[in-house]
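Trainee: Please take these sequences and the hints and turn them into a complete structure.
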Amino acid sequence: MLDKEVKRGSTEMLILALVEDRARHGYEIAKLIEQRSDGVLQFHVASLYPLLYRMEKRGLIKGTWIEKTGQRRRRFYKLMPAGKKVLNEQRQTWSDFFTALDRVAKINPA
Amino acid sequence: MNPNWKKIAREHLAVLRLPPEREIEIVEELALHLEAAYDEALTDGLSESEAEARTVQTYDWRLLECELSRAEQPLAARALQPSLELIERKGGLRMESFINDLRFGVRMLVKNPSFTWIAVLTLALGIGANTAIFSVVNTVLLRPLPYKDAEQLLAVWEVQTKSNQSLFSPAEFLDYQTQNQSFTEMAAYRFMPFTLTGQGEPKQIDGMIVSANFFSLLGVRAERGRILQTDDGRAGATRVAVISHDFWQQQFGSDPNAIGKTLTLNGEPVTLTGVMPRGFQDTSQSERQIWLNPHNVVPDWSPNSPVDVLSIRDTAFLRVIARLKPNVTLQQAQTDVDAIAARLQQQYPRPAGHGARVVSLHEQTVGNVRPTLLILLGAVSLVLLIACANVTSLMLSRATERYKEMAIRSALGASRWRIVRQLLLESLLLALLGGVVGLLFGYWSLQVIVAWGVSEIPRLSEIGLDYRVFIFTLVVSVLTGLIFGLAPTLGAAKTDLTSALKEGSRSATAGRNRLRQTLVIAEVALALVVLIGAGLLLSSFSRLLAVKPGFNPQHLLTMRIGLNSQQYSKSADKKRFVSELNARLETIPGVESVGIGDDLPIAGTDSSTTLKVQDQPATSADALVSVGLHVINPHYFDALGTRLLKGRFFTERDRADAPSVFIINETLARRVWPNEDPLGKRIRYNNADPWGEIVGVVEDVKFDGLHLASTPHLFEPYQQNAWSFLVVTIRSSLDQNTILAAVQREVKTLDPNLPVSNVRMMEEVVAQSLATRRFVLLLFGLFAGLALLLATVGIYGVLTASVSQRTRELGIRMALGATARDVGRLIVGQGLKLVLSGIAIGVVSALALQRVIGKLLFGISPTDPLTFTVIAFLLIGVALLACWIPARRATKVDPLTALRSE
Chain D
1 MLDKEVKRGS
11 TEMLILALVE
21 DRARHGYEIA
31 KLIEQRSDGV
41 LQFHVASLYP
51 LLYRMEKRGL
61 IKGTWIEKTG
71 QRRRRFYKLM
81 PAGKKVLNEQ
91 RQTWSDFFTA
101 LDRVAKINPA
Chain B
1001 MNPNWKKIAR
1011 EHLAVLRLPP
1021 EREIEIVEEL
1031 ALHLEAAYDE
1041 ALTDGLSESE
1051 AEARTVQTYD
1061 WRLLECELSR
1071 AEQPLAARAL
1081 QPSLELIERK
1091 GGLRMESFIN
1101 DLRFGVRMLV
1111 KNPSFTWIAV
1121 LTLALGIGAN
1131 TAIFSVVNTV
1141 LLRPLPYKDA
1151 EQLLAVWEVQ
1161 TKSNQSLFSP
1171 AEFLDYQTQN
1181 QSFTEMAAYR
1191 FMPFTLTGQG
1201 EPKQIDGMIV
1211 SANFFSLLGV
1221 RAERGRILQT
1231 DDGRAGATRV
1241 AVISHDFWQQ
1251 QFGSDPNAIG
1261 KTLTLNGEPV
1271 TLTGVMPRGF
1281 QDTSQSERQI
1291 WLNPHNVVPD
1301 WSPNSPVDVL
1311 SIRDTAFLRV
1321 IARLKPNVTL
1331 QQAQTDVDAI
1341 AARLQQQYPR
1351 PAGHGARVVS
1361 LHEQTVGNVR
1371 PTLLILLGAV
1381 SLVLLIACAN
1391 VTSLMLSRAT
1401 ERYKEMAIRS
1411 ALGASRWRIV
1421 RQLLLESLLL
1431 ALLGGVVGLL
1441 FGYWSLQVIV
1451 AWGVSEIPRL
1461 SEIGLDYRVF
1471 IFTLVVSVLT
1481 GLIFGLAPTL
1491 GAAKTDLTSA
1501 LKEGSRSATA
1511 GRNRLRQTLV
1521 IAEVALALVV
1531 LIGAGLLLSS
1541 FSRLLAVKPG
1551 FNPQHLLTMR
1561 IGLNSQQYSK
1571 SADKKRFVSE
1581 LNARLETIPG
1591 VESVGIGDDL
1601 PIAGTDSSTT
1611 LKVQDQPATS
1621 ADALVSVGLH
1631 VINPHYFDAL
1641 GTRLLKGRFF
1651 TERDRADAPS
1661 VFIINETLAR
1671 RVWPNEDPLG
1681 KRIRYNNADP
1691 WGEIVGVVED
1701 VKFDGLHLAS
1711 TPHLFEPYQQ
1721 NAWSFLVVTI
1731 RSSLDQNTIL
1741 AAVQREVKTL
1751 DPNLPVSNVR
1761 MMEEVVAQSL
1771 ATRRFVLLLF
1781 GLFAGLALLL
1791 ATVGIYGVLT
1801 ASVSQRTREL
1811 GIRMALGATA
1821 RDVGRLIVGQ
1831 GLKLVLSGIA
1841 IGVVSALALQ
1851 RVIGKLLFGI
1861 SPTDPLTFTV
1871 IAFLLIGVAL
1881 LACWIPARRA
1891 TKVDPLTALR
1901 SE
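Protein chains in written order, with our numbering: chain D, 1 to 110; chain B, 1001 to 1902.
FYI, nobody ran anything at the bench for these hints, they're computed from the structure.
Treat the hints loosely; a few may be bogus.
[What the hints assert, rightly or not] Taking CB as the label site, the calculated pair distances span:
(1) Phe-1104(B) - Arg-103(D): 43 to 53 Å
(2) Lys-1111(B) - Pro-81(D): 40 to 50 Å
(3) Arg-103(D) - Ser-1047(B): 21 to 31 Å
(4) Leu-101(D) - Lys-1111(B): 47 to 57 Å
(5) Glu-1025(B) - Pro-81(D): 38 to 48 Å
(6) Leu-32(D) - Glu-1025(B): 43 to 53 Å
(7) Lys-31(D) - Pro-1113(B): 47 to 57 Å
(8) Asn-1004(B) - Ile-66(D): 15 to 25 Å
The beta-carbon is built from N, C-alpha and C at its ideal position, and this holds for glycine as well.
Mentor: Written out as structure tokens, the structure reads:
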């Protein structure tokens, strides 16, 4: 259960992180998650778009149709201020979590 | 050539029914994604078909649908939830998914308006009828009487052989008042009409003379001024009156300074001391307007009486109420009054079976209507059950249609509980809708019930919808929803997915059909019970109408005149007035005969006494007979149309100075002289009077109501015993208004201050006496009609569904040589089998319930075979009609089309 939630939350964070520096389209995001997590983060591509729409509705990201010359128009998602905030919070949470793990691991050496 | 990704995406998304513009956008984005994946697969060196297969197959469409359907919910809050199932499992935000289900439920109901309407209306009829009747039960039976600590209040009655609600004589009342150990107080009262003069036309007003503690015993206060006090009951107290709010408005124009003013009642000045609050009801259950204290040296329970009223023991005219001491039970009080009665019986011998009885005032007020109301409530709840059965049946047939939907939802991961919840929610939604419409319907029917029944059922004027009614309706609606919602959901929970999807759900349908058939049987049984009830009431009513009343109510005008003013305080004045009135009225053209007496048939006897027969030992209690006592003029029976059986009627010669004479009725003759001729026998009822002779025997007149067995009655000439309250009956075939105007003219000539009141045709009086029964019959008939209608619709629905499901089978039968007749008979037979099973169960249930309705019946056994048979055949007839339409449809089945179906 927790596992699923963590995964879901982490996917959300990944997406936010991926669109942090520049706007990306769905396929690109999917590919990047797959590549960067090296398959460790199992991710169902089918749930990507619904997740994006949900995040969009929450105002974390914003999708815009953009037409580049010579290409078909694509929908690019960019990070919104609210998303930035959530991303920072989540980063903090994860970092706290890891610090804690780290500390526990050090306190109890084998 | 590249696959058409947009088309593929659109096909998968169609299930979701997204808004078109949103769907276009998503389809476009998904298509781009799929195309990119496809291109990548091609780059990986796969063939076009392999690439397409990989792209489509690796994409989890189901997950997409699920997630999208959630993501696209318009509710903003929802977007915060990463996964509904997850949250649900963790016990959070159930409300969220509930709202979701609710929305879906609403959508389902809106999508099927005809189903929704039929179901809601069916339920509304059932719930509305229940709400209305429950409101009546609530007001009349459940709410405490509007007095302080009303549960301590009692009515106290004398008990005689034939009646356990007899009145007290003043002397007896005083005995009980001083000797009892159980009551904090006892109060007595007497109904009394008063003539109001000095304020416009003389007017007759209904009032009471009450003991001074009457109001304080009830624990009520005056709105203005004060209620009666102990001093008002003292000897020599001035005559004072407390009036109703309405009377204060009408007679005093709501004058705030009315207290202390003087009214002229029966020619006497009466000082106004108090005004009761609006809606105050005394214990009489009718709209009294004025309450007076007894006064003078003797508290004159009967005004202007020449004798010491308090010593009267032979004539009873007081009604008595009492308040129990704290911690004294009704049973203890009864033991107490029994002891007093036994002591009094020794002192003053009375007919056997004489005693006293206490009964709670609430029981006294509403006890008579309790069985009626509860039976009505029972009948409407049966109607509601039938409505439930019908809606269940509807839900079941819809469940069959929705079987695949459920299977798909289940396949998409919905838990059984979730599906059951969805269906239950839809049922509850329907039931609550039905409840709301039902409440409106109930409110409206309540107005009708009150308008019809207000004078027939006590406390009905207090009626209204209060919180209890709302709670009742809510509970009934929810229960109803659960009842009809449960059956289809049980089916749904058992849904076997694979078979549902594979074989077009035939096996499950069979189970549902069985359930629907069971429902029809139940409906028929329930409807039969209600119909038999209505049938019994109807025959009982017609028997009542056929009762010989002992008079002819046609063309008989009746009215009351009260000789209660000072002017008529002497007997001789009354007698003179009556004989003059008699003479004048007989001269009115068109008048056939004029009767003057003190009681109107059907409307009840005011006075009763104990008959003593000369040469029979008066001490033997068995020899004493309680009789209704009437004083009449010579043509009283002519006017009523009552037959003389023996001897003669009174004549003008039976005057005060002539020997005293009596006429008795048939029942009295049979009771006292079963084997002898009563003519010439000598009797009296007052020990101080000389013996009088029986000169005539008349047929029994129903004085106390058509439904009661005749009791002994004794008549004496008005000229030998003058009373104050006159009932005038005039037989004439002329228009009643013409006659009435002439009568009023004559009365006015005789005494301009004398009001003529209660003008009614005798037929109205009779109708009025049957009004409660008519009212109950009407309601019951209405419920029976509803039950029949609903059951018929139920039978029709099940057979129609059955015919359409059996189309293929019927086609095969016809292809194999069955004629249209055979097929028709098959369907009708199927229906008839259900109906007959229902009737069998219904008859048994009705027999089991016979004791319940027995109380409301007159002259007919609750197991009357004729009624049972007629009703059963009626039901069969109507059921055959309901079967006939689907059967006809079955005969029209074209074997070829039928075989091709499915």
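Trainee: Run every hint past the structure and note whether it holds.
Mentor: Consistency of the hints with the structure:
1. Remark: the range hint 43 to 53 Å for Phe-1104(B) to Arg-103(D) is upheld by a beta-carbon distance near 49 Å.
2. The beta-carbon spacing between Lys-1111(B) and Pro-81(D), approximately 42 Å, falls within the hinted interval of 40 to 50 Å.
3. Hint check: Arg-103(D) to Ser-1047(B), Cβ distance near 55 Å, so the stated range 21 to 31 Å is violated.
4. Our hint of 47 to 57 Å for Leu-101(D) and Lys-1111(B) holds, since their Cβ atoms are close to 53 Å apart.
5. Our hint of 38 to 48 Å for Glu-1025(B) and Pro-81(D) is violated, since their Cβ atoms are close to 24 Å apart.
6. At roughly 22 Å, the beta-carbon separation of Leu-32(D) and Glu-1025(B) lies outside the given 43 to 53 Å, and the hint is violated.
7. In this structure the hint that Lys-31(D) and Pro-1113(B) lie 47 to 57 Å apart at CB holds, the actual value being about 49 Å.
8. For Asn-1004(B) paired with Ile-66(D), a C-beta distance near 24 Å keeps the hint of 15 to 25 Å intact.
Hint violations for this structure: numbers 3, 5, 6, all remaining hints satisfied.
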